[in-house]
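Enquirer: Residue-level listing of the chains:
Number of protein chains: 2
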Amino acid sequence: MNAEIIAVGSELLLGQITNTNARFLSQHLAEIGVNIYYHTVVGDNEQRLEEAVKLAQKRADLIIFSGGLGPTKDDLTKETIARLIGTTLEYNEEALVSIQAYFDKTGRVMTENNKKQALVIKDSKVLANDNGMAPGMFAKSDGKYYMLLPGPPREMQPMFLNYGRPEILNVMEKVERIESRVLRFFGIGESALETEIDDILIKQTNPTIAPLAGDGEVTLRITAKHESPEEAVRMIQQAEDEILERVGHYFYGYGETTIAAELAGRLKEKQLTIAAAESLTGGLFLGELTAIPGMSAHIKGGVVCYTNEVKEHVVGVKKETLTKYGAISRECAKELAEKIRQLCGSDIGIGFTGVAGPAGLEGHEPGTVYLAIAAEGQETIVHPLKMAGSRDGVRKRSVRYGCHYLLQLLS
Amino acid sequence: MNAEIIAVGSELLLGQITNTNARFLSQHLAEIGVNIYYHTVVGDNEQRLEEAVKLAQKRADLIIFSGGLGPTKDDLTKETIARLIGTTLEYNEEALVSIQAYFDKTGRVMTENNKKQALVIKDSKVLANDNGMAPGMFAKSDGKYYMLLPGPPREMQPMFLNYGRPEILNVMEKVERIESRVLRFFGIGESALETEIDDILIKQTNPTIAPLAGDGEVTLRITAKHESPEEAVRMIQQAEDEILERVGHYFYGYGETTIAAELAGRLKEKQLTIAAAESLTGGLFLGELTAIPGMSAHIKGGVVCYTNEVKEHVVGVKKETLTKYGAISRECAKELAEKIRQLCGSDIGIGFTGVAGPAGLEGHEPGTVYLAIAAEGQETIVHPLKMAGSRDGVRKRSVRYGCHYLLQLLS
Numbered sequence: 001m002n003a004e005i006i007a008v009g010s011e012l013l014l015g016q017i018t019n020t021n022a023r024f025l026s027q028h029l030a031e032i033g034v035n036i037y038y039h040t041v042v043g044d045n046e047q048r049l050e051e052a053v054k055l056a057q058k059r060a061d062l063i064i065f066s067g068g069l070g071p072t073k074d075d076l077t078k079e080t081i082a083r084l085i086g087t088t089l090e091y092n093e094e095a096l097v098s099i100q101a102y103f104d105k106t107g108r109v110m111t112e113n114n115k116k117q118a119l120v121i122k123d124s125k126v127l128a129n130d131n132g133m134a135p136g137m138f139a140k141s142d143g144k145y146y147m148l149l150p151g152p153p154r155e156m157q158p159m160f161l162n163y164g165r166p167e168i169l170n171v172m173e174k175v176e177r178i179e180s181r182v183l184r185f186f187g188i189g190e191s192a193l194e195t196e197i198d199d200i201l202i203k204q205t206n207p208t209i210a211p212l213a214g215d216g217e218v219t220l221r222i223t224a225k226h227e228s229p230e231e232a233v234r235m236i237q238q239a240e241d242e243i244l245e246r247v248g249h250y251f252y253g254y255g256e257t258t259i260a261a262e263l264a265g266r267l268k269e270k271q272l273t274i275a276a277a278e279s280l281t282g283g284l285f286l287g288e289l290t291a292i293p294g295m296s297a298h299i300k301g302g303v304v305c306y307t308n309e310v311k312e313h314v315v316g317v318k319k320e321t322l323t324k325y326g327a328i329s330r331e332c333a334k335e336l337a338e339k340i341r342q343l344c345g346s347d348i349g350i351g352f353t354g355v356a357g358p359a360g361l362e363g364h365e366p367g368t369v370y371l372a373i374a375a376e377g378q379e380t381i382v383h384p385l386k387m388a389g390s391r392d393g394v395r396k397r398s399v400r401y402g403c404h405y406l407l408q409l410l411s
Numbered sequence: 001m002n003a004e005i006i007a008v009g010s011e012l013l014l015g016q017i018t019n020t021n022a023r024f025l026s027q028h029l030a031e032i033g034v035n036i037y038y039h040t041v042v043g044d045n046e047q048r049l050e051e052a053v054k055l056a057q058k059r060a061d062l063i064i065f066s067g068g069l070g071p072t073k074d075d076l077t078k079e080t081i082a083r084l085i086g087t088t089l090e091y092n093e094e095a096l097v098s099i100q101a102y103f104d105k106t107g108r109v110m111t112e113n114n115k116k117q118a119l120v121i122k123d124s125k126v127l128a129n130d131n132g133m134a135p136g137m138f139a140k141s142d143g144k145y146y147m148l149l150p151g152p153p154r155e156m157q158p159m160f161l162n163y164g165r166p167e168i169l170n171v172m173e174k175v176e177r178i179e180s181r182v183l184r185f186f187g188i189g190e191s192a193l194e195t196e197i198d199d200i201l202i203k204q205t206n207p208t209i210a211p212l213a214g215d216g217e218v219t220l221r222i223t224a225k226h227e228s229p230e231e232a233v234r235m236i237q238q239a240e241d242e243i244l245e246r247v248g249h250y251f252y253g254y255g256e257t258t259i260a261a262e263l264a265g266r267l268k269e270k271q272l273t274i275a276a277a278e279s280l281t282g283g284l285f286l287g288e289l290t291a292i293p294g295m296s297a298h299i300k301g302g303v304v305c306y307t308n309e310v311k312e313h314v315v316g317v318k319k320e321t322l323t324k325y326g327a328i329s330r331e332c333a334k335e336l337a338e339k340i341r342q343l344c345g346s347d348i349g350i351g352f353t354g355v356a357g358p359a360g361l362e363g364h365e366p367g368t369v370y371l372a373i374a375a376e377g378q379e380t381i382v383h384p385l386k387m388a389g390s391r392d393g394v395r396k397r398s399v400r401y402g403c404h405y406l407l408q409l410l411s
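The listed protein sequences correspond, in order, to chains A and B. Counting from 1, position 163 in the first sequence corresponds to residue 163 in the working numbering; the numbering is continuous, with no gaps. Counting from 1, position 162 in the second sequence corresponds to residue 162 in the working numbering; the numbering is continuous, with no gaps.
Some hints here could point you the wrong way.
Any copy will do: because identical chains look the same in the list, a pair fits if it lies in one copy or spans two.
Said to hold, decoys possible - Restricting the straight-line Cα-Cα distance to at most 25 Å, the calculated cross-link-like pairs of lysine to any residue (SDA-like) are:
no.	residue 1	residue 2
1	Lys268	Gln342
2	Lys73	Ala192
3	Lys144	Arg48
4	Lys268	Gly253
5	Lys319	Glu227
6	Lys386	Val233
Hint data in this document are derived by calculation from the structure and do not stem from the laboratory.
Hey, can you work out the whole structure from these sequences and the hints?
Expert: Right, dumping it as structure tokens:
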């Protein structure tokens, strides 16, 4: 089954809101094996909506609309669809009662235009709105299906999951399950990753493997189609094993995780505490780690040592180190990691020093970073890094590299 | 001028990412008076991309593409456009040099597929990518304009603003000047702000005034249309004066600024230094402030004091304070601000303590925050705050309140 998503609303075209509905619906449709080839956004304009519908009728079996079901004059989705499929609207008793109940409950007076929301496409299946007033609809005409959903995500999402999706599953001739799994990698570029697994990428048709680069990391989405979900999972596992044999060194987690979240989990699991001395990252590393709830037993704290004074007098870096090697040095990073560990009494200490840019510092180029990790009974390791990109990018990637090396240490 | 936005990428259709590019571009195009009637999302599929382009050619003067410029085989935007407008791709020397430089700098080996990113549409204007490798393009053919932008927002956004938008302004036949100005407010809710200026909002047609709430703050966009830009600016100024007379207390800056950036500017202007002791914010405050370049002379540093041990032994909060009042207290916040100022030798010290949630702490509800500011020759001020919302929201708003009160102190 092929579907197309049409979001209706001029506020989307003006850039006032983002079309998050398309993503939500796509994710859930992919899961049940519905293919999506297009998303369209069209304004509150009858003629252009009509054109978008006519086009979608040619290329999809199911058209899902979000938005344009409200009480105002510019809401015209159901009117347009009804006309295009040669039918009319009629009042739905249940919806009318539910709208009246909503006004009674909130103590507000129902204005006449609200009744419009109880008008539904004749002979369509009405989808109840448990979080708002406008009901959804599911209609069939000429072998095509039309699902109309409200625009606000907090109304649309539960309506789709509770009432919309079951209707779609019901009419799908053959439920071909799509299972997918996302693998996340750090420390390798998209093209290098692709080069490593080129032959695997080329030969795959089911499962498919799609690389995606974003924000300093790369993900691979493995998607398998099969009637049996168990078989699909087995196919995915096989592809994953093959991929990780080549590039497992850079793999850090599945799905919607982040490298900081993975590190937090590892610290909890191993019952370890950490402290950080942050020069160029200025608090970002601990800021990300403390964003994760329940970490207070594992994060002792740290020092943001933006100046040499604070590096020396608060963290305890030796004056000679700073004068002899400078703040942007292996030696300084090493002491930052070791001293912060002592100062905060943690199992692990991490130190970040370097040049975020845009200007150079102490004769070093922007993107020059030293990252050191000190741990009980181990020699302190210093990782020198060279990064390109903006100040913001250098700082954020330094934090991720910190998480990456800590994860490697803890595995 | 009518434009259409086509985002290219199967990851969008699979619901792996949200099409935030369409929103960004729409916002900025609306500002310069370009009408958008459709957004389209299409996968990494040549035939379907071709169909989407042919359709857009019929209905728009300018087609803006995002995505599909990367090094991998499934990136095919420029290849498809070149073919459709009857031209070819050629290597762009500058882009090739810049890609090679990127690899040299990061010390990584450039794989062959990266060279593909330097291929551009023949005779197109190349748009430099200051944050990545794939350059953008602006091409004209048969009276239609084509702008190709990369998919990752951190590459696309600056490219569009710095190089893309000027090209569009350049070719717009009739520039009906739209001038707009954004006023940013903190510490007042959207509905409260609207109530304060309700009569101003109602009476305005040109300039229009559009409030928008987002992320703990409110903005007002004042937009004036006039043939003379000077007159438009005068109209905007008049509206601004009227608004700020009522709610100027909450106003902190114009346009794309942030409250942290405004604070950074004020510290520079007044030649002052700051240090922070961060408990619940865990480094976020200094992380935001150090994100701004050139602040090293004004940020001494700070301590992330997630545990009582670190509050006491590193920052120097008295043991009695912690046992008698607890860490979530006015008294603790006050000492954090005063002691961090002494420890780091700064003009101003700020202390953050509180409960970010999701669970309560020491008998306090999530959202209970104490924020203190200590400055030379002034009595330390403690601001108690009560916030609703998620852990992430409480932490971020605490940082903003810190900036807000510091700005008030420094004005």
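Enquirer: Could you figure out if Lys144 and Arg48 sit no more than 25 Å apart (CA to CA) within one copy, between two copies, both or neither?
Expert: both (20 Å within a copy, 20 Å between copies)
Enquirer: Treating 25 Å as the Cα threshold, decide for Lys268 and Gly253: within, between, both or neither.
Expert: within (16 Å within a copy, 42 Å between copies)
Enquirer: Pop the pair Lys73 and Ala192 into one bin, within, between, both or neither, using alpha-carbon distances up to 25 Å.
Expert: Close across copies (13 Å), not inside one copy (52 Å); limit 25 Å.
Enquirer: From the Cα coordinates, with 25 Å as the cut-off, is the pair Lys268 and Gln342 best called within, between, both, or neither?
Expert: within (20 Å within a copy, 34 Å between copies)
Enquirer: Please work out whether the CA atoms of Lys319 and Glu227 approach to 25 Å or closer within one copy, between two copies, in both situations, or in neither?
Expert: Neither, since 67 Å and 63 Å both go past 25 Å.
Enquirer: Is it within, between, both, or neither for Lys386 and Val233, if the alpha carbons may be no more than 25 Å apart?
Expert: neither (39 Å within a copy, 46 Å between copies)
Going down the numbered hints, you'll see the structure goes against 5 and 6, while the others check out.
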